[in-house]
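With these hints in hand, go ahead and build the complete structure from the sequences.
For the sequence shown, the numbering used here puts the final residue at 210, and the numbers step up evenly by one.
Careful: at least some of the hints might be erroneous.
Across the chosen pairs, the derived CB separations fall in these ranges [what the hints assert, rightly or not]:
1) Thr115 x Ala205: 15 to 25 Å
2) Ala193 x Gly71: 34 to 44 Å
3) Gln88 x Ala208: 35 to 45 Å
4) Glu72 x Ala193: 31 to 41 Å
5) Glu89 x Met164: 18 to 28 Å
6) Met164 x Arg203: 18 to 28 Å
7) Ser142 x Ser98: 17 to 27 Å
Worth flagging that the hints you see were computed from the coordinates, not collected in a lab.
Backbone N, C-alpha and C fix where the C-beta goes; we use that ideal spot for every residue, glycine too.
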Amino acid sequence: MPGERPALIQVVSLQRDGRQEETALRRTYSGALRSLPQGPALAYTETDEQGADTRVLLAAEAEGIRLRREGLCSTDLLLAPGQERASAYETPYGAMELTVRTHEAVWLADGQSARVRLRYDVYVAGELLSQNEIRVACRAKP
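What follows is the structure in structure tokens.
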């Protein structure tokens with residue numbers, strides 16, 4: 069793809085569920101730093117413990133940062149600070165309607181690297197499901 073460079077992408081994900089139990093993950097992926105018409109993007113593939121792949125796209129857009137996950141379960145979130153948006157979490161058993169409240173969505177990039185920080189809460193039927201923080205550091209490979 070034109071405007072795409074191989075990149076090393078480190079993702080730190082912190083999630084606190086409604087019972088305040090916290091899960092932290094730190095992973096490094098080979099992916100791509102892309103230049104799209106609407107702005108920069110990062111793409112990589114996660115593989116879970118059962119071997120299922122999920123394609124992840126983080127993209128800077130005029131309205132905020134898009135987080136798209138496509139795999140066995142899929143979602144497409146547009147995260148903009150101070151905003152609350154409806155979304156869906158698609159599973160093999162059907163869709164779950166979500167409300168996402170964004171606290172922070174920051175994208176810093178210089179063409180060779182990018183840093184992304186997202187903080188958002190997810191609600192289902194008005195109940196807090198999780199509080200999430202994702203920090204991403206990306207560097208184009210030489």
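Hints and how they fare:
1. The given range of 15 to 25 Å is respected by threonine 115 and alanine 205, whose C-beta atoms sit roughly 20 Å from each other.
2. Checked against the hint of 34 to 44 Å, the C-beta distance between alanine 193 and glycine 71 comes to roughly 41 Å, which is consistent with it.
3. Distance hint for glutamine 88 and alanine 208: a CB-CB separation of about 38 Å, consistent with the stated range 35 to 45 Å.
4. Checked against the hint of 31 to 41 Å, the pair glutamate 72 and alanine 193 passes, with Cβ atoms roughly 40 Å apart.
5. Distance hint for glutamate 89 and methionine 164: a CB-CB separation of about 20 Å, consistent with the stated range 18 to 28 Å.
6. A beta carbon spacing of about 26 Å between methionine 164 and arginine 203 agrees with the range 18 to 28 Å that was offered as a hint.
7. Between serine 142 and serine 98 the C-beta distance comes to about 22 Å, which sits within the given range of 17 to 27 Å.
Of the numbered hints given earlier, the model fails none.
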